[in-house]
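Build the complex: two chains, separate frames, hints provided.
Sequence order for the protein chains is A and B. Taking the working numbering, the leading residue of the first sequence gets 5, the next gets one more, and so forth. Taking the working numbering, the leading residue of the second sequence gets 149, the next gets one more, and so forth.
Don't read these hints as lab results, they were simulated from the structure. Check before you lean on any hint, since a few could be wrong.
[Claimed, not checked] With a straight-line Cα cutoff of 30 Å, these simulated DSS-like cross-link-like pairs (lysine-lysine) come out: (1) B:LYS236 <-> A:LYS172; (2) B:LYS263 <-> A:LYS172; (3) B:LYS520 <-> A:LYS172; (4) B:LYS186 <-> A:LYS172; (5) B:LYS216 <-> A:LYS172; (6) B:LYS359 <-> A:LYS172; (7) B:LYS286 <-> A:LYS172; (8) A:LYS172 <-> B:LYS467; (9) B:LYS267 <-> A:LYS172; (10) A:LYS172 <-> B:LYS248.
[Stated by the list, open to error] Covered stretches of chain A (chain B as the covering partner; in silico rule of three or more C-beta atoms under 8 Å from a C-beta of chain B): (11) 11-19; (12) 52-59.
Quick caveat, the model's predicted, so the values are computed rather than measured. Note that the Cβ used here is the ideal one computed from N, Cα and C, for glycine as well.
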Amino acid sequence: MRARAEAALITAGAVAAAFALFALFLLANGLNPLEVYAVLWLGGFGTSFSLQATLTQAAPLMLTALCVAVPARAGLLVIGGEGALVAGGVCAVLAGVALAGVPSALGTLLVCLAGAAAGAVWIGMAGALKHWRGVNETIATLLLNYIAIALMNHLVSGPIRDHAVSLKVTSWSIPESFMVQAIPGLGVHWGLVLGILACLAMHALLRYSVPGFAISVLGGNPRAALLVGLPIGRLMLLACGLGGAAAGLAGAIEIVAVHGAASSSLVVGFGYAGILVAFLSRQSPLAIVFFAVLVGGISASGGLMQRRFDMPDAATQVLQGVIFLCVLASNACYGRLRVFHPAAVPA
Amino acid sequence: MARSMFDARRRFLSEAGRMASVAGLAALWPALAGAQGKPMPVGFLYTGVRQDYGWNQSHTVAAQQISKLPGVKVFEQENVPETAECEKVMESMIRLDGAKVLFPTSFGYWPFILKVAPKYPDVLFVHAGGLWKDADPKNTIGYRGYMEEPHYLCGIAAGRMSKTGRIGFIGAKPLYFIFNNCNGFILGARSVNPKATCQVVITGDWNNPVKEAEAVNSLVDQGVDVVVGNCDSPKVVIETAERRGVYSCGYHTDLSSLAPKGFLTGAEWNWGKGADFVRAWQSKGRYPNLLRGGFKRDMVKLSPFGPAVPEGVRAEVLKARQAFADDKLALYHGPLRDNEGNVILKPGERIDNEDNKFKLGVNFLVEGAIGKTGLAR
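So that you can see chain B by itself, here it is in the shape it has in the complex (with noise of 0.2 Å):
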């Protein structure tokens, strides 16, 4: 009896060491696996397809040139709706395929990052959104470009390129950044042709081609003859501008091929700044937890020009995206008004491009625009 039970005891004993050195092992495990250079899942979710012409292309260009990176591995997953089940997919990248940096790249995954974030916090989470706050956990970051920037610069093409002086913006959503890429837009044109006027269409959603349609034939049917489209995938307003003979600029990414002929440039992102983040995480380097940016960040991009723009507005157009870079061109300035005829800005009175607390609480159309922001105010 005593036997056995010493016996027991020694059984167990060797057991513990054994575990005890396998434990020891796993968890050397990972810092086995760095050394030997296994490379760094990187994880990209996405609340529709790849190939949307629009938002989530714009990301998935990032994703390519983040693949591109030493030491990385990026994979991606498609059509994740911005519910409790993106929380699902972002611990299912950490905990079965090993993910220490993700890119949840829809604006309404910002509340379950929030939630995830800090039950890992080796992992590194990169929102396309500027809602990072003081309070929010340190390993995430939120990063967001001025697209009204590029937008200003769409403007001044389709200020040069439009024979009626009308042109056309459609915006999803009655928002803060919609209201300054339509500003911009106009503000562009405006600048080479201070006669041009913008009707500006709302449509009340991210996604609804059959509005974005109809109100890009209306708009031509009054005259318009460039337009530009704010919403998630501005395909359909491309193709449609396209059959319809008017000029159109683009949104989010290089939407060129769908206009082989009307197509002036477009305003795009440059998520590839992302890069920056990984290799920050990978070295254990320093990052910024909230990063907002124009062409003197190098956050925004604008597409290739279409073969209807001359080069002599292509030049006026990259003279003042070199501007903006050099921070010379500051996109609000005075003496402005709105549509309504208020004094936004004085003579003189300058906004610096990079004044946030302006620009996330602009709510008015400037003089130029025809149409409502459909706020009260």
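Excised from the complex, chain A in its bound form (with noise of 0.2 Å):
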């Protein structure tokens, strides 16, 4: 309990740090940070139309932190979430024109199915050149972002290529019986639903299965992992694996909720907010439903922040980077507080 009240203190301190340290940077551009923050909500929360693009944003989020969290869970630092999500796309898309034909709901599983199993090959194949071969699995996946993505550009610029849409690159479109409608009432797609359920039930099996407990115990010390027997290998794949394929997933669901086809517009950096979403979350699946709304809605908000204040498109990603920073530093923080911990620091 007192572990948990220390990282929720601090993590928003890092949050509030960030924000004051973000104020400086609107003041030095000469901008009154009070007002910006005030449009930022007003963008991100502050009327129900601000919520639904922030949930519509959240969504993407949950599944491409849960692929940062998951590994992490077992002491690996995977940031291929961008290249998980883009392989899932692509994979979503192929299985989508093969099924034609496949009645709607079943259509859209499978679709759904083909991007998470794509994703899970993905950051699998990471893992499994980190077991195999001893390769650093976060250069490997932050590589195989670029890969995933030249490879889609690739196959969107030739081999599925729609030439029939002459103005945009873009793939073949999956059929429109597989795409899936907004929650009604909610007017955001079913993607935030089978975010939560990904982080419920990722939640759930990290804290309550024995794969999970194992995977737990090669994250908090491999050494003793490896004596007690557990089967080190399997258990990264595993981990990789559950993480890919919540970033495929994602994917996905861009494909059958938004776009309907695979095309740059897949590359908006979902894989790398989820990053940052994992860190806020310290890699728990419950606090990235909370943390994945927060950023979605800095994200959200974006639009409305540069419209009002002529900013940059950048400056909304400039404040979750700096987020991104007090976070990590704020690491140092843990155990020097001596509210939580009396006896730690000297007098």
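Structure (structure tokens):
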């Protein structure tokens, strides 16, 4: 309990510090931070419409954050959510095109599964490289991002390109019947529900299942895991596969709920923003739901900030970057706050 | 018991009354605000950055002009993708900024405009592209200039300035308007130098600076000494031409600053024409749903001449511009053959400059073009 309170306080402090630092950046640009933050609130949470946009952004972020959080439990720093999302999106399109004629609900399900499988294989490759060849998984997943994007660009500009669409480079479209609609009354697509369910499922799995516990042991102390005879390789692959499946599912949802076809529109940084969400959540699947909404809100307000203050498009990304740095730096505070560790700090 | 129920009812009634008056005031508010001269918000959406030396910048120029209209406030958003995201941005502009006129400036926004427009009948959607059809919502507009006309003028300058008689056209896609522009460029050049030829390169992408630079280099290596680029941003085309010491013409917007030595002139959109729609919407006046035009309707412009262009050539170009404006010069007139020898127009035949049916169907390159359309015919 005390540890959880410590984490909450330090994370809140880090986010507050980030907003304070960003305020300095705004002041240096001649803007009033209070006005900017008021607009950020308005654009992200202030109206039902803003909230809709925020939740739409949050849905894929939950899944890409899981791509970081689950392998992190096994002690792996995976930053390949972007690549897994793209791989998932492309495979979802391929599956969708191949399955034309299948009843719509089944088709949607299979398309989503295809996306998740592709993501699992994508990050699983990094896990396999780590286990059998000792390749650093962070570097591997980072580079796999570029490979996935390059592969998609190659496919959509040639082999699977829809030549009927001349003004935009895009792949074939999945059948219209496979597309999912918005949740009635909410205006947000079903990906949000899937994202929340995935977070709950991962939480249950990591907390209450035997493999989940084994993954935590591996992450906590690999030598101990080895000593007690845990199948380290399989656990690593499992963690990578689960994380990758989540990000792949995010890609498939972007296809069935938003785009209908693969194109460079898939590459909008959900994978990278997911890293921020995972670190803010301290790799806890439940906390991811909350922080995905927070980061989604910041992203969703970007347009309004741009319009109201003539700020560059990247301004909200700068804010996200500052938050990320502050959260990383705040790790230094753990164990040093006297409130939580009365004995740890010498007087 | 009965007493408290009575109280509750009385409280309910008074609350309801108060709420009704608040609601009434709220309903009145927009009218009051309008009466007090609150500026009408107008939103611009761009698919890339505003200063792109190309398509987006040509719309930014219009946004600046429109922002100077009385009672209008313009706000802009860059990097809006041509996906469902642009629907969100449009709705956000309407719901959070109160936009009454939107300029979604990218061609690919059109299908999303058709989805959003019926939901907001009090908002006008002005799209750059002549895609409007009779069944489309009345609060949408498509407008687009005949860029082949200023290309014809560029061609005159190119034909006069080229020493080798070989000019080059770099196009993004095998599309009718790219062919029209290319044909305009060639016809202009051949109107002053009947022996001129034009190498045509289609890169296949709206935005591929590497291919565009390669194309310029290879054209210059083959003896071409004037180039024009029809892509999202011809910046690289013009800069490469300048570096190689050849002449260049602009496209989309005023690009003279990119080539202080070799810039001749350029074909520009006059999206500022959109101000007419804004005024019409403001005053509840009439507006066309589809507007295409060239110099006659003030829908296109010519860039300022570069220092290399002598007075005589300038006069010749401006004379042709006047002829377009006065409808005395038809871009396509007979005798005309395509570059495969097929007869397009017989002697005496003349295609009206506003003959959209003909122009939208152009799938050939005129005689003098070296290159293929890449279309199966």
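* To do: Sort out whether LYS172 of chain A lies within 30 Å of LYS286 of chain B, counting only the CA atoms.
  => Roughly 26 Å separates the two Cα atoms, so the pair holds.
* Holds or violated: are the alpha carbons of LYS263 of chain B and LYS172 of chain A at most 30 Å from each other? -> holds, 19 Å
* Hint consistency between LYS267 of chain B and LYS172 of chain A [alpha-carbon to alpha-carbon, up to 30 Å] -> holds, 26 Å
* Going straight from one Cα to the other, do LYS359 of chain B and LYS172 of chain A come out at no more than 30 Å? -> holds, 17 Å
* Asked: Does the alpha-carbon distance linking LYS236 of chain B and LYS172 of chain A stay inside the 30 Å limit?
  -> holds, 20 Å
* At a Cβ distance under 8 Å, does chain B reach at least three residues of the segment 52-59 of chain A? -> holds (count 3)
* Asked: Quick one, are LYS186 of chain B and LYS172 of chain A close enough, alpha carbons at most 30 Å?
  -> With a Cα-Cα distance of about 39 Å, the restraint between LYS186 of chain B and LYS172 of chain A is violated, given a limit of 30 Å.
* Assess, step by step, whether the Cα of LYS172 of chain A is no farther than 30 Å from the Cα of LYS248 of chain B, and give holds or violated. => Satisfied, since the Cα-Cα distance of roughly 28 Å is no more than 30 Å.
* When you check the alpha-carbon spacing of LYS520 of chain B and LYS172 of chain A, does it fall within 30 Å? -> holds, 22 Å
* Take a quick look at whether LYS216 of chain B and LYS172 of chain A sit within 30 Å of each other, Cα to Cα. => Not satisfied, since the Cα-Cα distance of roughly 33 Å exceeds 30 Å.
* Starting from LYS172 of chain A, check that the Cα of LYS467 of chain B is at most 30 Å away, please. => violated, 38 Å
* Asked: Are there at least three residues in the segment 11-19 of chain A whose beta carbon sits under 8 Å from a beta carbon of chain B?
  -> It is violated, with 0 qualifying residues against the three required.
Checked against the numbered hints given earlier, this structure breaks hints 4, 5, 8, 11; the rest are met.
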